[in-house]
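Visitor: Residue strings, one per chain:
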Amino acid sequence: MGWDPGDVFRFVDVLGVVANGLLGGAVARSRRFDLFGFATLAIISALGGGMLRDVLLDAGQPVALTDPAYLSGALVAAALAYVLHLDGPVSRRLLVVADLLALGCWSATGTLKATGTGLGVVPSVLLGVITAVGGGMVRDVVVGQTPRVFGGNTLYATLAIGGSAVAFGAAGLGQPDLGMGASIGLCLLLGLAARRLGW
Amino acid sequence: MGWDPGDVFRFVDVLGVVANGLLGGAVARSRRFDLFGFATLAIISALGGGMLRDVLLDAGQPVALTDPAYLSGALVAAALAYVLHLDGPVSRRLLVVADLLALGCWSATGTLKATGTGLGVVPSVLLGVITAVGGGMVRDVVVGQTPRVFGGNTLYATLAIGGSAVAFGAAGLGQPDLGMGASIGLCLLLGLAARRLGW
Amino acid sequence: MGWDPGDVFRFVDVLGVVANGLLGGAVARSRRFDLFGFATLAIISALGGGMLRDVLLDAGQPVALTDPAYLSGALVAAALAYVLHLDGPVSRRLLVVADLLALGCWSATGTLKATGTGLGVVPSVLLGVITAVGGGMVRDVVVGQTPRVFGGNTLYATLAIGGSAVAFGAAGLGQPDLGMGASIGLCLLLGLAARRLGW
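Chains as they are written, first to last, in my numbering: chain B, 1 to 199; chain H, 1 to 199; chain Z, 1 to 199.
If you're looking for bench data, these hints aren't it; they were derived computationally from the structure. One thing to keep in mind: the hints can contain errors.
Which chain B residues stay away from chain Z? Per the calculated CB distances, all over 10 Å, these [unchecked claim]:
#1 Arg29
#2 Gly116
#3 Pro147
#4 Leu189
To give a feel for the contact side, a few chain H residues facing chain Z, derived at Cβ under 7 Å [as the list claims (entries may be wrong)]:
#5 Ser30
#6 Phe33
#7 Asp34
#8 Phe36
#9 Val55
#10 Val63
#11 Val138
Cβ coordinates follow ideal geometry from the N, Cα and C atoms, glycine included.
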């Protein structure tokens, strides 16, 4: 009876892996890379932030390696991006929603994992932000592009900081699940509002 | 009596470090870097993939730091590349052979080390590929060039995936040495055939 | 009675974090990045080398995360660089001095930490150099610029190697504090002389 919030968060998490893998594949397509380039950019986009987080936290092997759903999700996304042209209005809109869901989910995951190892608010929020936007940053650097979060588009970085701060506060109140849900909701609602209103 | 395959693999491994150090030095020469640039690019080309692997596997300090042969080999290669012009037909051909030997050796090493920590086939093959082509990828990014393995030249990435898969299969049969030898042979033979036939 | 050299080194260390954070912020300004770009480049410039060192040494979580002074110093520097124009002759000169002090301090810190884990002279000097110039290298790569230490300006890399070698020698004589002081003095004096004499 009842539902486990962990199942929902897990779904959002893997959905975010697939969405970011598709976004990495779209970059590979725009550069006319071959299949290996698609796979590499999908893995970096979808799993790079979490790998950076786990290496910095020194918390054992990155979950991106130990949990089969992550690598599989990124590789399936790379293959999809290779064969399909996902630039219709519907698929674009779905990608935006999934990406914003992942932004909130990953900000909270990184922050909760960091504070769980005893880190304070500043490094915990930093690790939330690294988890959420680090993969996209590394992907941009690898293809020789200035990371988009540095200028022009501050929305994602701002949302990641907000989501991480909310998660940190909720963890302090002993409510990590609430923090995860609030971070996801915050990033989705503010992110959609910002796009609609042209912030 | 008899020979130890470990000695052969060790020779191939260190030969690969020197060869990739020379290749890194060649990039430094083409950019007119100074001696420090030669040393840095040689270290990244020759040891970057293994360092990435060891950091991701969380398996203690990278062997690139603890085994003196690796750093020495990379630095000797940097010095050689700085003083010699290794672009005659003979030295080019020897470099190609040594580079292909290293490709198979490093693919197998990374895969065997990963599966030895309990990882499954997908992450183990990924770590084989990272070991084999990761150093060259990071080197290309550091000098502001799109990694060659992303497009145009899929040969090395394809061979690394093949060698890693062979090594994983052999490890499952309890034959890691066989896997190492088969990966080296596969990459060398297919690599030379591909170059000869213009694949 | 007496003074603790550790207090002086700590002051130099945090001063170096602020100075390198300001230098990272100056790069962000020249690229017209937003505040998030300032913060990211300040963190990478000021703390990237130490993070790389700690991850490679596999010595627990990076001190950049566990010691609040580091992240705070980098973020304060980012905010200062965002609101102030620190390009007057006095602030330029102070930045050069603080940067050279940090160069010697970080070279010695990295070398001493590496040799403390049992590494030999070559990897220990390498880790000193990574600590001292690694953050600036990563920052240059992230903004799509060839790392300055690779060519044109060999001064900083040369000083870092010298400071690291001195620290390694002093550690072998059981005098780490002396090595730290000598490395700082060497980098400051030779660095200022080189600038004055146009080496």
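Visitor: Starting from the hint list further up, note which numbers the structure goes against and sort them upward.
Guide: 3, 5, 10, 11
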